[in-house]
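Visitor: Read off the chains here:
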Amino acid sequence: MIAERPLLEVNALKKHFPIHGGLLGQVTGNVYAVDGVTFDIRRGETLSLVGESGCGKSTVGKAILRLFKLTDGEVYLDGERIDNMLASKLRMMRKRVQVVFQDPFSSLNPRMKVRDILAEPLINFGMAHGRRDLTARVEALMDKVRLPRDAINRFPHEFSGGQRQRIGIARALAPGADLIICDEAVSALDVSVKAQIINLLADLQDELGLALLFISHDLATVEHLTHRVAVMYLGKIVELADRRTLFAESHHPYTRALLSAVPVPDPTAKRQRIILKGDVPSPINPPSGCRFHTRCPFVFDRCRSEEPVLRPVSNGHLSACHLDEVPGGQVLPTAA
Amino acid sequence: MSATTPDRAGFAARAFENRDLDGLHHAAAPDLPGILPVPKERGRITGFIYRHPTIFVGGLLVGLMIAIAIFAPYLDTRDPTALAPARRTREPSALYWFGTDMLGRDVYSRVMYGSRVSLMVGFSVAFCASILGTFIGLIAGFVRQIDAVVMRVMDGLMSIPPILLAIALMALTRASVQNVIVAISIAEFPRVSRLVRGVVLSLREQPYVEAAIASGTRVPVIIWKHILPNTLAPLMVQATFICASAMITEATLSFIGAGTPPIIPSWGNIMAEGRALWQVKPYIVFFPAIFLSITVLAVNLLGDGLRDALDPRLAKRL
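Protein chains in written order, with this note's numbering: chain H, 21 to 356; chain A, 4 to 321.
The following block holds chain A by itself, in its conformation from the complex (with noise of 0.2 Å):
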């Protein structure tokens, strides 16, 4: 008893008249309170993040990464492309925050603007995939004389690994961060097509769904209204997982020259830079993984808390 907020120790007391009232379970009532565990009293904020700490931290951190993005002019950086040769390979100092590379570009600017390149692929790739993949799932589910053809070609695709798919993407075309996106999105919509579908014949079968049929609602409003919204709650968490998986594939493109370009700053490039001096220099290459790896970190665990928020199911509660 002794643990119990005293709001909580009044509603003991009453269940305890109450008991007394129709004379039983005497011996039971006291036990009560210490059983049940005690709520605690939380603020909205505080029991957000008591509730869901991975959404928090992962939130928080690609809240930053966003801010860095867009800010990167005003964090004290300079030029990014400035060739300084006098200046070249200079270690970490006050000045040099990351040290120079080997053209005596300061690391600390090209790491703050390759945030833009990661952070942009990363979203328009999830946003492009996830529109394309839902039309492709959603046609699936709803004509399924098509299906078959169309899950088949899915497959296809994505039984070839993405970074390969997109390599080969952009042999085929120049080099630009446009093309990137393009080549990274068409190596992952198959996967929300896949998903959508599945969700999409799943709803189809809900009463609510039969119901709306029932009463005269037309198929385009059907898909609008009872379809999409009961399908975003795992196309968002889809769609997270993708946006961490396409900033991997654009730095790995990057890496091996095949991506962003080289006069734009991407942690992809800074790092195939800084892999020849590896040995003498390692903090060209630390610095932007660390950036990706904590980027990318984010993206999944707001991906993962999302997840535990939307379906319950999946959840591991103790």
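Looking at chain H on its own, in the form it has when it is part of the complex (with noise of 0.2 Å):
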């Protein structure tokens, strides 16, 4: 294959916490937070990765940003691997990859003024050269994310919460990266705001050609600017396929139920619902075969033993579900 390589792969990436008991505090269990994910992401494309809360989805994103140490995997940016990075070369490295948290009342400092916080990514990568520089290049970055030059010596309790997370972008877009992990990046916002911040990073992707790994939990949110769409269950990705295939031809009964939970904006419209039965099963004690076959309306003998792996279904369109090799695989009800 000499297609270009793409900006990020994730190959087999797995994190377990380990559960401390006892009266030594040996370890007596793992989180498998995430157990053996793999996806790529190119240059100036958006995959989104949605899934139930503890899902691992999250996780994911802090393992590219090693904010810990992988229990195994492999990462690369950019055909260099970034996993095992010593500390001191990984330091320049991160300015490639910024992240947009969640909460935009605990993702900025209170005690330091929009100007420092912006500041901070500039002056870690020595971006800017003397004061003034500095002061226009935090100014640019208002200006990209829409926020009035003045406020930058404001402290961050004085916005509000879609203005906070527009300082979070503008923080991820100071130093220049080529990949920004939006995680749960407006989950946390009212509708209309959510429109604007999704509009907003949806021009700055046009407009630098940034890659977006969007961490979502609500598939109606992540329809309006996606390319690709990853679903993840108990820490593995179990359909991937770009937006439209994803939205029209699902495979995977997760996928299915989670779609037919997205609102449709009328009343009148008549549909199937497939409702799951009880809870996300724990991660420290993960079902055997499928991990999904405890809440699976169309579960049978072979998903309680053999665990189905990620094969592609059609054109860039995976699944794992053993439904997908019975002959005729779509014995599944369609959910229009």
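Just so you know, these hints were derived from the structure itself, not from any lab. Be aware that one or more of the hints could be misleading.
What the hints assert, rightly or not - Computed list of lysine-lysine pairs in DSS-like fashion (alpha-carbon distance at most 30 Å, straight line):
(1) LYS133/H / LYS82/H
(2) LYS34/H / LYS82/H
(3) LYS115/H / LYS82/H
(4) LYS228/A / LYS82/H
(5) LYS115/H / LYS164/H
(6) LYS214/H / LYS82/H
(7) LYS228/A / LYS115/H
(8) LYS164/H / LYS82/H
(9) LYS284/A / LYS164/H
(10) LYS115/H / LYS133/H
(11) LYS228/A / LYS89/H
(12) LYS228/A / LYS109/H
(13) LYS34/H / LYS133/H
(14) LYS290/H / LYS214/H
(15) LYS109/H / LYS89/H
(16) LYS109/H / LYS164/H
(17) LYS34/H / LYS115/H
(18) LYS228/A / LYS133/H
To be verified - Sample of chain A residues facing chain H (criterion: CB under 10 Å; computed from the structure):
(19) CYS131
(20) GLN209
(21) VAL212
(22) ALA214
(23) ALA215
(24) ILE216
(25) SER218
(26) THR220
(27) VAL224
(28) LYS228
(29) HIS229
(30) PRO232
(31) ASN233
(32) PRO237
For each residue, glycine too, the CB sits at the ideal point set by N, CA and C.
Combine both chains into one complex, guided by the hints.
Guide: This is the structure in structure tokens:
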């Protein structure tokens, strides 16, 4: 294959958090937060990672940012392996991957002015030459996120949630990153502000050719800005496809259940809802076989013993379900 | 409507007009001003006193004590160590406001000068214990490998009553104000380190710290710019409580003769010297005790007020 290498490649990523218990604090078990996740992101592309709370999607984001060490797996940025990179080398690499967090209130240091918040990455990466240049760059960042320039001397608490999220985005843009990880970046905002921030992200992507890893629990939000979608369940990707395919011809029963939960703005529309029973099983003790078998409406014997692998069902569309192998695969009811 | 200020009435009228326009809530509108509390107009200073009365009272009393300590020589005092056996054990009078002790020393002058020792010990211990405790707490919070060991040592230190630890340390050294400060600081700093470690552990998980790490900020800068400023509020509150407890410990040490040397008047050793005459001349003990109580109360009030002002979740609001 001579095709251009993707910007980010994540290969069999695993992150297990040890559980300490007992008298001496020995390891008594593991939380299998992320258990073998593989995907890639091309330049300028948006990949969304969706799933319920606790499925490990945020852990994937933090693992790529190297906020902790991986248990296993590889992460490549532009062909360069970053998951085992030395701390000194990694620091300059951080310039290229930035993050926007969910909570606009705890993601900005309450005791720093906006100017200092935005200046921090610029100073860290030696991108400003002198005070005047620094101020000019900070002001340019404010322009990019459509905030007034004179707001740089204010403290974060003087801004609304949406404005604070814009400051968070400006901070992520500061070092000129290629990839921005949006960890539930719009989930804490109300609907109108959410739309503004999504539009801003889309504009910035066009303007700067950014790649986005958009982590969200909300398929309806994702639909507006994503190119491809990866659906996660209990630490694994169960389905990965481009947006159109995923929303129209999803294969995996879990994806279908998620899609059927997306509200449709038409009170007369008759839809077949797939209501899942129970909660997500504990990631400390994941179910045998297919991890979804405890809640899947189409479960059969094989699901309980054998774990389905993520395999292509059509071009660029991956799904991990035994039903895909059943001749005439689509035994599922259509969700339309 | 009668209790409203003109501004507020105007607001209500405007609100009423707006409601008229959309033809809704006619009945509810006139009741609105009565339901909402009417904010009183207050100046900056009176507003502050009203919101934080404990800070105000505590700060005022602490300020008064500091003034007494600084200006002790000018407060109509005489040499607090001058002996005058002919005038011993005089009752309080216009000449000797708080009376004289069994060696004829003026109790008023001794109490005024004694405030220097108490305040110096209180503030120095608060400062030293905060610095040392913050340092240990930061290390324990950031270097997870040694956290367990360091914190068990702190637990061990905390399990010894501070007064006993201080007595033991004083027994090893010569009696002096400096040694009292060192001894009490060692007894008090584990509490600070525990607090700082806890705050550091919670701040480390804050998204803004993670974002700073992702922005390539080095660990010393993260500690200096992101962790320490946000540790300051709980630290200040803790420091005031340590200050108060250090004053009591100092007085106790001096009272039992293990603290400030007898040539330096301190509230503790004035009381210790007056103890023998307590039943016949109670004022020798009474006046330093009153001053000690007021000062400790003032510092505690200040700490309580600061805690409520800095951490609204703990504030008891009606």
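Visitor: Does each hint hold? Answer for all of them.
Guide: Here is what the structure says about each hint:
no., hint, verdict
1, LYS133/H / LYS82/H, "holds, 26 Å"
2, LYS34/H / LYS82/H, "holds, 12 Å"
3, LYS115/H / LYS82/H, "holds, 15 Å"
4, LYS228/A / LYS82/H, "holds, 22 Å"
5, LYS115/H / LYS164/H, "holds, 18 Å"
6, LYS214/H / LYS82/H, "holds, 23 Å"
7, LYS228/A / LYS115/H, "holds, 20 Å"
8, LYS164/H / LYS82/H, "holds, 25 Å"
9, LYS284/A / LYS164/H, "violated, 79 Å"
10, LYS115/H / LYS133/H, "holds, 22 Å"
11, LYS228/A / LYS89/H, "holds, 24 Å"
12, LYS228/A / LYS109/H, "holds, 23 Å"
13, LYS34/H / LYS133/H, "violated, 37 Å"
14, LYS290/H / LYS214/H, "holds, 27 Å"
15, LYS109/H / LYS89/H, "holds, 15 Å"
16, LYS109/H / LYS164/H, "holds, 29 Å"
17, LYS34/H / LYS115/H, "holds, 24 Å"
18, LYS228/A / LYS133/H, "holds, 12 Å"
19, CYS131, "violated, 25 Å"
20, GLN209, "holds, 5 Å"
21, VAL212, "holds, 8 Å"
22, ALA214, "holds, 6 Å"
23, ALA215, "holds, 7 Å"
24, ILE216, "holds, 6 Å"
25, SER218, "holds, 4 Å"
26, THR220, "holds, 6 Å"
27, VAL224, "holds, 8 Å"
28, LYS228, "holds, 7 Å"
29, HIS229, "holds, 5 Å"
30, PRO232, "holds, 4 Å"
31, ASN233, "holds, 6 Å"
32, PRO237, "violated, 14 Å"
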